[in-house]
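Student: Single-letter residue listing:
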Amino acid sequence: MKVLIVDDELDVEQLYRQRFRKEIKAGELEVMFAFSANEAMNFLAELAPMDIVLVLSDINMPGLTGFDLLKFTKEKYPHLNVVMVSAYGDAENMNKASSLGASGFMVKPIDFTLLKEKIFSGGI
Amino acid sequence: MSTNISIDFLIKVLRKVFLFQNLPDHLVKQLSESIKTEEFAPNKVIIEKGDEGNTMFVIISGKVKIHDGKEQVAEIMEGNFFGEMALLDGEPRSMSVTAIEPTIVAIIHRNDFFNVLNDFPAISKNIITQLTRHLRAQNDVLIAQWRSKEKELNDLVEKRTEELANKNSELMLVLDNLKLSQQQLVQQEKLASLGQLTAGIAHEIKNPLNFVNNFSELSLELLEEFKDLTDEAERDEILSDLKNNLEKINNHGKRADSIVKNMLNHSRTRNDEKQLADLNKMSEEFLQLAYHGMFANNPDFSCYLKTSFAENLPKVNVFSQDISRVLLNLFNNAMYAVNKRKKLGVAGYEPSVSVTTSISNGSVIIIVQDNGTGIPDSVKDKIFEPFFTTKPSGEGTGLGLSLSYDIITQSHKGKLSVESIENQFTKFIIQIPI
Ligand SMILES: Nc1ncnc2c1ncn2[C@@H]1O[C@H](COP(=O)(O)OP(=O)(O)OP(=O)(O)O)[C@@H](O)[C@H]1O
Numbered sequence: 001m002k003v004l005i006v007d008d009e010l011d012v013e014q015l016y017r018q019r020f021r022k023e024i025k026a027g028e029l030e031v032m033f034a035f036s037a038n039e040a041m042n043f044l045a046e047l048a049p050m051d052i053v054l055v056l057s058d059i060n061m062p063g064l065t066g067f068d069l070l071k072f073t074k075e076k077y078p079h080l081n082v083v084m085v086s087a088y089g090d091a092e093n094m095n096k097a098s099s100l101g102a103s104g105f106m107v108k109p110i111d112f113t114l115l116k117e118k119i120f121s122g123g124i
Numbered sequence: 001m002s003t004n005i006s007i008d009f010l011i012k013v014l015r016k017v018f019l020f021q022n023l024p025d026h027l028v029k030q031l032s033e034s035i036k037t038e039e040f041a042p043n044k045v046i047i048e049k050g051d052e053g054n055t056m057f058v059i060i061s062g063k064v065k066i067h068d069g070k071e072q073v074a075e076i077m078e079g080n081f082f083g084e085m086a087l088l089d090g091e092p093r094s095m096s097v098t099a100i101e102p103t104i105v106a107i108i109h110r111n112d113f114f115n116v117l118n119d120f121p122a123i124s125k126n127i128i129t130q131l132t133r134h135l136r137a138q139n140d141v142l143i144a145q146w147r148s149k150e151k152e153l154n155d156l157v158e159k160r161t162e163e164l165a166n167k168n169s170e171l172m173l174v175l176d177n178l179k180l181s182q183q184q185l186v187q188q189e190k191l192a193s194l195g196q197l198t199a200g201i202a203h204e205i206k207n208p209l210n211f212v213n214n215f216s217e218l219s220l221e222l223l224e225e226f227k228d229l230t231d232e233a234e235r236d237e238i239l240s241d242l243k244n245n246l247e248k249i250n251n252h253g254k255r256a257d258s259i260v261k262n263m264l265n266h267s268r269t270r271n272d273e274k275q276l277a278d279l280n281k282m283s284e285e286f287l288q289l290a291y292h293g294m295f296a297n298n299p300d301f302s303c304y305l306k307t308s309f310a311e312n313l314p315k316v317n318v319f320s321q322d323i324s325r326v327l328l329n330l331f332n333n334a335m336y337a338v339n340k341r342k343k344l345g346v347a348g349y350e351p352s353v354s355v356t357t358s359i360s361n362g363s364v365i366i367i368v369q370d371n372g373t374g375i376p377d378s379v380k381d382k383i384f385e386p387f388f389t390t391k392p393s394g395e396g397t398g399l400g401l402s403l404s405y406d407i408i409t410q411s412h413k414g415k416l417s418v419e420s421i422e423n424q425f426t427k428f429i430i431q432i433p434i
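Those sequence lines, one after another, are chains A and B.
Each residue of the first sequence is one higher than the one before, counting from 1 in my numbering.
Each residue of the second sequence is one higher than the one before, counting from 1 in my numbering.
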């Protein structure tokens, strides 16, 4: 199972790798990282045929935002699940995310137990 | 106008004149015979200052004033004489004489006078006495005039001084009021920009705190695991992860700390000491703060942030909270401008804000550039004026740039300038001497 994580903070890579250490070690999960929406778009384009099941994207990034990425992804790869992550859990952001087709919305700090459950139960 | 006056009467008159006292009868008679008389109406000028003088006058009846322009020196009446000075020294008349009442004068010609003087030199003594009297009288008048002028002047100076003192204390009061309202305005501006910032600050602190929490939780889990492990390689791996995590915790802790410090700096009212500051770091931090502040207030907002920092930039002595306000202001303005242009909906527009540092001619240069709406030439001169704003009313105080300008040019002896082309770019250039 492959997950693409998009965030402009470089340290999220370390964080997710450690949080999912066991799952990664066991080969149940593969995590990939992009540090801007642009990078994520290139990534998705290169990875055809797609075996990514989930894109987890921060909203607030310099340049193109998470919403831009969400729009782009839903247009090109409608089957892909995109979960938006934001420091701001306001209604405006949430509504916008769901109207653009996001499968979920998570507010930072991320509850990793919940995230794990969702990924592995296919609840997203 | 000449008059009909008998010789006898003239003799009588001349006898009474001090000048001719003791003059033998035949000489008085001789003089009387050579004399002409003339009548002057009031305000008629008898002699004019500056005229050539070859006659002297004896007042037979009436009253005249001796004066220098409007300054009156003396008033004299019948039995007195005038005009003898010019007669003696041959200089032009030193004073004017004008009739006050209808006046009849006897006019004695220079030649006749000197004839008498030759025949009877004893009257020279009379002349000298009379001259001295005249001079003394003139002198007294002048001194009195001078005294009263001096007093007038002193009074005037005193009055003016008092008026000035009053004006001055009035102005001081106005100044105090102005200072007070200026302080209030500055405080308002600070609070407003702090308000704008809170969202940015919250976001900027939340991020590092999330990392601190996550990496410390993870480290605890790693330690638990470590206890049960026996395999050397696996234990080493965990130890290196732990070390790594502690470093991250430390870094993000410092990051949060520096943001809090900046925030405090920003809101503190006074800080009298300059401190060595890393302008690269400050530019980076405040660019992020401004960005997140903007984003928090407009979820649709986004722009590219570009930084290019001189690697060997020396630390510079600055009032750091003041400089941070300038940076924040320029960034906020830049982001406002790109956002405004983006809302115009031009296809392919990519908003971007950049900050660049460099060193040139002993100064640190910070350039804040955006590709927003730009500034029309017609208002370029006005943007540094207090209260100039093109924002909708209620949104901007118009104080940002004027405060920034004062901070850079006055407290840091630097320069703040702007270059802009409408709908292309705006570039603010800060120059701070090292
Ligand atoms: N980067 C920029 N691009 C375009 N116009 C700008 C820019 N920076 C400043 N201006 C112009 O200069 C004016 C004055 O700016 P200033 O910072 O003094 O006040 P303000 O931004 O309007 O108000 P406040 O400081 O309260 O936010 C702005 O209203 C705007 O017209």
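A hint or two may mislead.
Straight-line alpha carbon distances no greater than 25 Å define the calculated PhoX-like cross-link-like pairs of lysine-lysine that follow [to be verified]:
#, chain 1, residue 1, chain 2, residue 2
1, B, K343, A, K96
2, A, K25, B, K243
3, B, K343, A, K71
4, A, K22, B, K343
Hints listed in this document are in silico derivations from the structure and should not be mistaken for laboratory results.
Student: Run every hint past the structure and note whether it holds.
Tutor: A quick look at each hint next to the structure:
Proximity of K343 of chain B to K96 of chain A is assessed by CA-CA distance (about 18 Å); at most 25 Å being required, the pair is judged to hold. For a cut-off of 25 Å, the pair hint linking K25 of chain A to K243 of chain B stands: about 20 Å separates their Cα positions. A hinted pair counts as satisfied when its Cα atoms are at most 25 Å apart, and K343 of chain B with K71 of chain A qualifies at roughly 19 Å. For the suggested pair K22 of chain A and K343 of chain B, the alpha carbons sit about 47 Å apart, so the restraint of at most 25 Å is broken.
This entry does not satisfy hint 4, going by the numbered hints stated previously; all others are met.
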